[in-house]
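From first to last, the protein sequence lines stand for chains D and B.
Numbering follows this note's numbering, in which position 373 of the first sequence is assigned residue number 373; successive positions increment by one, without gaps.
Numbering follows this note's numbering, in which position 77 of the second sequence is assigned residue number 77; successive positions increment by one, without gaps.
Hint data in this document are derived by calculation from the structure and do not stem from the laboratory.
Please note that the accuracy of each hint is not assured.
What the hints assert, rightly or not - Covered stretches of chain D (in silico footprint by chain B; criterion: 3 or more residues with CB under 8 angstroms from a CB of chain B, positions within the stretch not fixed):
no.: 1; stretch: 91-101
no.: 2; stretch: 137-143
no.: 3; stretch: 152-163
no.: 4; stretch: 235-243
no.: 5; stretch: 252-264
no.: 6; stretch: 294-305
Claimed, not checked - Computed Cβ-Cβ distance ranges for the label pairs, DEER-style:
no.: 7; chain 1: B; residue 1: Lys27; chain 2: D; residue 2: Lys189; range: 17 to 27 angstroms
no.: 8; chain 1: B; residue 1: Lys27; chain 2: D; residue 2: Ser338; range: 47 to 57 angstroms
no.: 9; chain 1: D; residue 1: Ser299; chain 2: B; residue 2: Pro85; range: 33 to 43 angstroms
Predicted model only: the values in this text are computed from it and were never measured.
Yeah, the Cβ is synthetic: ideal placement off N, Cα and C, and Gly gets one too.
What follows is the residue order along each chain.
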Amino acid sequence: MTGRYPAHYGLQNDVIEAAEPNGLPLDETLLSEMLGTYGYHSHVIGKWHLGHFSWDYTPLNRGFESFYGYYLGDSDYYVHTKSANVDGQTLTGFDLRKDKDVAREDDGTYSTFLFLREAERVVRNHPEGEPLFLYLPFQNAHAPQQVPEEFISNTTCKDIPNASRRVYCGMVNALDYAVGEVVELFEAKGMWNNTLLVFTADNGGTQSTGGNNAPFRGQKASYFEGGVRGAGFVYGQALGRGNVDVAGLTHVTDWFPTIENFVARAYGGHVHPTKPRLPLDGLDIWDQLTTDKPILNRSVLLNTDPISMSKALIHGSHKYMIEKNEPYYLVPQANETSATRPMPDGLETGLVYKNVKLYEWVFDLDADPLESDNLALTDADLLQSLRGIMAGFDAAAVPPSKKPQTTDANPTNFGGAWTPWVL
Amino acid sequence: MATLLLLVSTAAVLAASMLRVDAQQDKIMPNILVIVGDDLGTPHSISRTMTLTVTPAWFFVVSWTSSWDKGYNDVGFHGAEIPTPNIDSLARNAVRLSNYHSSCIACCCPSVC
Numbered sequence: 001m002t003g004r005y006p007a008h009y010g011l012q013n014d015v016i017e018a019a020e021p022n023g024l025p026l027d028e029t030l031l032s033e034m035l036g037t038y039g040y041h042s043h044v045i046g047k048w049h050l051g052h053f054s055w056d057y058t059p060l061n062r063g064f065e066s067f068y069g070y071y072l073g074d075s076d077y078y079v080h081t082k083s084a085n086v087d088g089q090t091l092t093g094f095d096l097r098k099d100k101d102v103a104r105e106d107d108g109t110y111s112t113f114l115f116l117r118e119a120e121r122v123v124r125n126h127p128e129g130e131p132l133f134l135y136l137p138f139q140n141a142h143a144p145q146q147v148p149e150e151f152i153s154n155t156t157c158k159d160i161p162n163a164s165r166r167v168y169c170g171m172v173n174a175l176d177y178a179v180g181e182v183v184e185l186f187e188a189k190g191m192w193n194n195t196l197l198v199f200t201a202d203n204g205g206t207q208s209t210g211g212n213n214a215p216f217r218g219q220k221a222s223y224f225e226g227g228v229r230g231a232g233f234v235y236g237q238a239l240g241r242g243n244v245d246v247a248g249l250t251h252v253t254d255w256f257p258t259i260e261n262f263v264a265r266a267y268g269g270h271v272h273p274t275k276p277r278l279p280l281d282g283l284d285i286w287d288q289l290t291t292d293k294p295i296l297n298r299s300v301l302l303n304t305d306p307i308s309m310s311k312a313l314i315h316g317s318h319k320y321m322i323e324k325n326e327p328y329y330l331v332p333q334a335n336e337t338s339a340t341r342p343m344p345d346g347l348e349t350g351l352v353y354k355n356v357k358l359y360e361w362v363f364d365l366d367a368d369p370l371e372s373d374n375l376a377l378t379d380a381d382l383l384q385s386l387r388g389i390m391a392g393f394d395a396a397a398v399p400p401s402k403k404p405q406t407t408d409a410n411p412t413n414f415g416g417a418w419t420p421w422v423l
Numbered sequence: 001m002a003t004l005l006l007l008v009s010t011a012a013v014l015a016a017s018m019l020r021v022d023a024q025q026d027k028i029m030p031n032i033l034v035i036v037g038d039d040l041g042t043p044h045s046i047s048r049t050m051t052l053t054v055t056p057a058w059f060f061v062v063s064w065t066s067s068w069d070k071g072y073n074d075v076g077f078h079g080a081e082i083p084t085p086n087i088d089s090l091a092r093n094a095v096r097l098s099n100y101h102s103s104c105i106a107c108c109c110p111s112v113c
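Chain B extracted, bound-state conformation (with noise of 0.2 angstroms):
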């Protein structure tokens, strides 16, 4: 009767344990994506999770809001912004880290930490 129950609860565990790797193998996983720029700089609307504003006489006034949109304008020292419509569009609607820093100042950090 033992023997009986021991099999009897074996076979229960192995088939539990099946069926788990099923509902795994079931289970719709996450893609993941990581897309790196290679030297960034910080002025371009990609990077812009503060609005920034630069008078030209370079004195700083810096307001930290969440718009994406007004962002920094960089009109008065070089007469245009850097066009990232894509990534705008995406940041738009991401969860943007405006205090994100990366490790080491030129070993190509993200591939690396």
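Next comes chain D alone, as it looks inside the complex (with noise of 0.2 angstroms):
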């Protein structure tokens, strides 16, 4: 959405609790805002997550003309519900709006077929010949496990003996099923051949509820493969190719600038930002995406976050991390809630972060994409190397914005709902 790293902006750390006065900065410029000069119409179904203790931080006043979905994550798919700690007090509320409405009628429904709805709605009502910014995501297959029956009864889902995983299988062919459909929906308005598709994972999946990072080593919050390396392709006949696979390091920065020059190429020019811009993290991909130039060696910061004290980066085709221990984690057997292979500890630093210890990685991704051999332990050069790379990254971040929760955002003061407590 902005094209920049979370440690340029404070959020760095963790998410953004249901109820933290804290939100994505208002002098960021989102993909959506930056769109919009271009004359493009944006709307976002799904998940927002980017801040709603105040409405400035909500996606109507963040360049959106249309929002319906869930302002948090982690939420009942069915009744929309979203639970919070708070000073000892348990805060719950629904958690589903159709722009700044709660959608209550939509209470007991299967967020992916709301999502579905809205999706066929907005491109139903879309203006021809006019461009549209759809912004898709998806609870899928996030916690809580819940899918409706038939996406694992009709499906080879069926088959698996995990009883977890089998409901994770079904919430990924739940997406799926989805993603046809919206699909066919920009078909059959005519628009889909003149449509560039980004798909995107966030992170890794995790595995006490269904997901799995096999062959890579870690899940999700770590900065191992498991935890930061994602599904992500790139689909249009603007691309001129198809079947593909770019091999050099790509980034989620990466789409902002991408598709910003992208779309200023069609338009004819770059149009003035009608807000400052801060510096792009991210690099414009178009070439290694639409040809065989190489992506060059290329420095990108995955996170670095003084609170948990853990960090990671990755320079060609070394990553640096001070980072707890990860074992493998295996797809679960029947009867397992969970299977890992343990990995010996990498080199000490001292560091102790909620009572476990952090430890100096580095690895060749290019040589050792398992990550199983720590070179921090063998090569002391390039660790020095690596470290004074990371100082760089760290000496240009910002402190994490975290606030702590307040029970000023409890539901019950609005109707049940959660809603922007600061006016």
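Could you fit the two chains together into a complex? Lean on the hints.
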């Protein structure tokens, strides 16, 4: 959405909590705002989670013409409630809205169906000949593990022996169904041939809720590849090619500049931004998407967070991390809740966060994508040089904007729904 | 004369700029569709941009090829593969990023980054 690292605007520590007065800073330019200057109609359907303590931070004030979805994450797929523990109190609220209104009437319906219904409305009402930006962050396959039975029983998911994994399979299958339907909507409206689709995951799966990142090491909430290496592809006639793999290092921040320049070319030039632009961290990878031109060696900051004291970067083919030890998570068998293959600890740092020791790790991702050979233990020169690059990223980072949660946000103050509480 | 020239050239510039605006409005701008899957693990076919073969003994043979179809066989582990025919069919004709990273680890990065 911003083309910038979270450590450059204070969101590098964990997520924005339900009752946390925090959000993506208002001086950031979102994809929706940038595209708006090129005449796009922008709509968001699904997960917001960029801040909702004040209306200023919600989608309609951030470049989107419409919003249908939820402000937080992790809510129930059917009853759309989300709970948070604040000062020993459990705050629970409904979290589903159409624009600024609470969508109570949709209580009881699986979110994927609701989002599809809204996508149909948006595409149907979209004015012919004008450009559309549709941002569709689906709920699947985040916890909690819920899916209509047909996505399991009508598919090969039903043959998976592990119960959690079986449901997860259904949830991913439901996502797949939704993607197919969205493509049909675009086709029916005659818009598909002129659409650039970006499909992306946000982070790795979580073992405890059916996700699995095998054969990569680690899972969601770690900087091992299982946590940060994800699915990503781009589809569209504008690319001029397909069925191609781009092996160079790409990063989620690349979408903003890539899309901006693509749109500007179609428009016949760049439009002057309506608010000051902050320096982008991503690269325009259009040439790499459309030709065999390699991506030059680059340094990517995965994150640096002084609260958890963890950090990670990739420089060329080398990854440097300060991170807890992570095993390989195997796909659990029928009766297992978890299955792991432990690995030796890394280089001692003396750092401990939440009673877990942190280590230094260096891996050559080209030679060792499964991160089994910690070069921090054997190559002091390489370690030293990567520490230097990390120090540069650390120096450019801003402090986390993390704030304590407040009971002022209690949904009971607002008719039972999570609602902006700071006016 | 000079004034006339100035007027003519100003008019020409104005006309040109108006024409440019018209040209822009006539352009068919591409639609942008961004779809995000939340907390997707890597082993199912939608993220399979490399062929990975994993033996039941938990040794890895990693062969970096460009075959989306052949894919990673996790049958040995849980007896089935997650069916994602629609995403597979898009991905088969897409430009796939086989070394694609998100940034922070649990902060819903695509929406933020």
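Original post:
Residue count check for the stretch 137-143 of chain D against chain B: does it reach three with CB-CB under 8 angstroms?
Top reply: It holds, with 7 qualifying residues against the three required.
**OP:** Check the following: the C-beta atoms of Lys27 of chain B and Ser338 of chain D are separated by a distance inside 47 to 57 angstroms.
**Re:** holds, 54 angstroms
Subject >> Assertion that chain B covers the stretch 252-264 of chain D - criterion: three or more residues, beta-carbon distance below 8 angstroms >> reply: Answer holds; 6 residues pass the 8 angstroms Cβ test.
Original post:
Do at least three Cβ atoms from the stretch 235-243 of chain D come closer than 8 angstroms to Cβ atoms of chain B?
Top reply: Holds, because 7 residues of the stretch 235-243 of chain D bring their Cβ atoms closer than 8 angstroms to Cβ atoms of chain B.
**OP:** Please count how many residues of the stretch 152-163 of chain D have a CB within 8 angstroms of a CB from chain B and say whether that reaches 3.
**Re:** holds (count 7)
**OP:** Starting from the range 33 to 43 angstroms, see whether the pair Ser299 of chain D and Pro85 of chain B falls in it by beta-carbon distance.
**Re:** The hint (33 to 43 angstroms, Cβ to Cβ) holds, given that Ser299 of chain D and Pro85 of chain B are roughly 38 angstroms apart.
**OP:** Count the residues of the stretch 294-305 of chain D whose CB lies closer than 8 angstroms to any CB of chain B, then report whether that count reaches three.
**Re:** holds (count 5)
Subject >> Hint check for Lys189 of chain D and Lys27 of chain B - Cβ pair distance inside 17 to 27 angstroms >> reply: holds, 19 angstroms
**OP:** Between the stretch 91-101 of chain D and chain B, see if three or more residues pass the 8 angstroms beta-carbon test, and mark the coverage as holds or violated.
**Re:** Contact hint for the stretch 91-101 of chain D vs chain B: violated, 0 residues under 8 angstroms.
In summary, the one numbered hint that this structure violates is 1.
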